[in-house]
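Undergrad: Put the complex together from the two separate chains, hints included.
Protein sequence lines, in the order shown, are assigned to chains A and B. Each residue of the first sequence is one higher than the one before, counting from 1 in the working numbering. Each residue of the second sequence is one higher than the one before, counting from 1001 in the working numbering.
I should point out that these hints are in silico values taken from the structure, not numbers from a laboratory. Ideal Cβ positions, reconstructed from N, Cα and C, are used throughout, including at glycine. Take the hints with a grain of salt, since some may be wrong.
Reference excerpt, derived from the structure (chain A facing chain B, CB under 7 Å, subset only) [unchecked claim]:
1) Leu50
2) Ala70
3) His71
4) Ala75
5) Leu99
6) Met102
7) Val103
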Amino acid sequence: MLTVEALSSHYGSVQVLRDFSLALAPGEVLGLLGRNGAGKTTAMKTILGLIRASGGSVRLDGVELTDLPAHRIPALGLAYVPQGRRLFGELSVEENLRLGLMVKDKGKETRARILDLFPVLSERLGQRAGSLSGGEQQMLATARALCLEPKVLLMDEPTEGLQPSMVAKILETVRVLKGQGVAVLFVEQKVEAALAVADRIAFVENGTVCETATPEALHADPAPLYRYVGVGQDAG
Amino acid sequence: MSGVLSNRWLLALAVLAVLLVAQVLLPPYHHTNFARIMVLASFAIGYNIAFGYTGLLSLGHAMFFAAGIYAAGLGAQELGLSMPAALAFGALGGLVLALAVGLIALRTSGVAFLIVTLMFAQAVFLTTLYFNEVTKGDEGFVIAEALRRIEIGGAELKLSDPTVRYNVALALFALCYLASIALLHSPVGRVLVAVRENEQRTRMLGYNTFGYKLLAMVISGTISGLAGAAYALLFAYVGSTFASTQYSIYALLWVLLGGLGTTLGPLIGTGLMSYLVDFASDVTSSYLIVVGVVLVVLVLAFPKGVVGTAIERWGRLRS
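Next up, chain B with everything else stripped away, as it sits in the complex (with noise of 0.2 Å):
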């Protein structure tokens, strides 16, 4: 047990060393397509943690990223905030409403909790649409450069610039990778597997599933409001966009092409998905006819996700 664990973290200091590595070697435009990446999987990891971990499936994800992105962004350009508060507050915006939106979506399950996700994050985006003397709506706002800096040490990194901006992203992607590891085999993360197979059967061995379920929520909403603020401030952009359907959407595809229920998965399915986009419309104008084509080869020949079917087919060969 505790090698596979071992060869568990050795594959994520492997990947995370990968990335440290992958910035020196990549030209310009991947450079910001992959910091770009990582803070989208930091969102997709989140996302992971109540679909894939704890079978809860949502459709309205984006909220919380989308709170965590307003939250950072307007504490930032309109109450001040430092960047780690920002980010921190943009973090709490998603706690806050991981656990609102829990308390009462929770009471349901299966299709009805898709459904009430679904509407909470459509409640949500038309707020940020409603109050768009505060929000800008659709159209959004960049926030100021001048704001996007952190002082470390008497030394002041701008998070404009490429390097620390990679580097940032790629902080917070190994924190929310090494987390949600972590998370998957402590005892709290067994447990949350346990309402995912069976959650009557997790209730007659003795556990409050509602709260395990609401934990996981918590902790989802929170990772995904985290990654959120990292987005509004390496990017300096806050819009609704973020906040409508098509990002909860994202996230559940990033999550079912990597692998559910796996740790890497998201990194992998955000990567594949965002470079299949990009390739895609350089080809075509019609490139999501190309995305959609692809993706359903992509699903008969990974019916688990990339890691989850490399996963099995792995564990067949060594059997």
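Just chain A, with the same shape it has in the complex (with noise of 0.2 Å):
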């Protein structure tokens, strides 16, 4: 479905990604884990041709994105769910959903579809974004880029900042959209959170990809945890 082939992208003449490779199929949940920048948030973003890549392929479902202005992108079916929530804090929830609807010309069953997973916004329809909770933020977020019905997901740090029981939440949202055949990649520093629900965690360090692992086997061998996140050093 989405597949990435040693993308490169640059900072000015820094290069920060190099030949940096991850596929992902159908209800695939993909987490990306590494050190603060080692590169995961440009790879989402040089991903979703917010960043120009220098180098490489992003295909999805055979076709090549790295041609493509951004802006053409979400409408084939990649949508994002970037870092620190990012809403349009002045506009109400029930406008930045709108936002996300209009795009696809989705209508009111999409809107009723995503307010059943979210119920908390429906409550909410009619207050300014920036005044939700962070987690309530995060859930219109996550709403926001699914009223784009995408085929993947990618989202930057989703649990950040939240209480467990969001954390909970959000994890559980995952879990559903898998169930619906979206494929999901994300960006976490909760490494607990990401071996709950990743069918593969891939490790990135130095912009590329130089790792991957099932949550299964870190449990049984947590050696790449320690190498490339820095978790359990003083244990091990």
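TA: Okay, structure coming up:
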């Protein structure tokens, strides 16, 4: 479904991504783990066309995305939930959702399905998005991305700054999406959360995917977690 | 949601009703002042669509206002266009110039966009001076009174007549005001606000933000051009002063003072500023010092403009 091959990108003269490759099948959940500055967010933004790729390819169902302007990519089935939610704070919850629905001219059915997934948003439709709690903002950011009815959802640190009950809700949402056949690629700092929901974990270092492993394999041998994320160094 | 929308329209109708009734209550001097304010507020509405709604901080909107003034003035005087045709020609002048400038200037953003629009406006200003055989330069020209007439159902209305002038100005303001409310709350308007809030975020949702910004510029330029055309025809004067940077700064001040991104702000800001200059110049010849001090006080008291701050405080009271 989504195939990223030898992707590279730069910030000015500094190369951030190099030979970055991964593949996602329908309904698969892939977590990207790595230290700060490893290139995880840059990888997502390059896949989305928000940062111009300087080499390599990104294909969604065989369609090359690196040649397309960024605004045409979401309609093809790639949606993004950015780090820190990044809502349109001055607009209401309803208007934020409508901005998502308008892109693919989706109507009441999609809206109802999404509000079923996040019932708390139904009670907040007229409220300014900027006045929601952190957890509600994350739900709205996710809901807005789902308005695009994506084939692949990219989430950048979806549980950042959320209380445990909200983290559980977000992880549950990822499982529901997986059940609906939506592939999810996410960046996560909370290792336990990533292992709880992902089918595979890809470790990113120096702008490239160094290693992939299943959560089961990482539970059996957590060495890659020590190596690439620094988790459990003291214990080790 | 629909209740909120209804309230907005009700407020708009109330404002227009007050302006309609005001003409029979106002003494002649203020009658003319109000007509001028309504036309300039229409220009400010145009500017507000670019800066207030879409976040395009332009310092060159005088060029669109002037494009309307010259297109309508020269159209009436030299081409013999009727008043409605001259008005439409003025709006077209603003539209074409905004499209041309937008296609180039919108490739930049932030401070660079501000500088590019300032440079374009300066080029337009200098053009009005350079071709002074046609434009009459900074001296300008007066549109002959015989040309400033509209025929409606056999009756002839003179634009020099204070009542006709007031009502034409009111009709223009009503059109721009209601159109701006409709635009702001339409799906397109919501995308413009999203662009203002964060362009990259809007693009990542799948919107061609360049296209939307260009649309905002064109609508803004067209309204500014229409206001310029009305100004020329109602007040009979065409001159290069209207293309100067001063008028671009006025538009910015009116909108900031009234309330950036609010629909009523342009009228309040234009009215306040106009009367502030008027009263201060009655008191002292150094009136700009007084205007400056009062503006600083107003900005401190109403950081989001008069309407913007009032809306915010009302919201706080309700919650």
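Undergrad: Work down the list of hints and note, for each, if the structure agrees.
TA: So, going through the hints one by one against the coordinates:
1. Leu50: This hint holds: leucine 50(A) lies near chain B, its Cβ roughly 6 Å from the closest one there, short of 7 Å.
2. Ala70: holds, 5 Å
3. His71: holds, 5 Å
4. Ala75: The hint holds - alanine 75(A) has a Cβ within 7 Å of chain B, the shortest such distance being about 5 Å.
5. Leu99: Holds, because the Cβ-Cβ distance from leucine 99(A) to chain B comes to roughly 6 Å (cut-off 7 Å).
6. Met102: OK, holds: methionine 102(A) within 7 Å of chain B, min 6 Å.
7. Val103: holds, 4 Å
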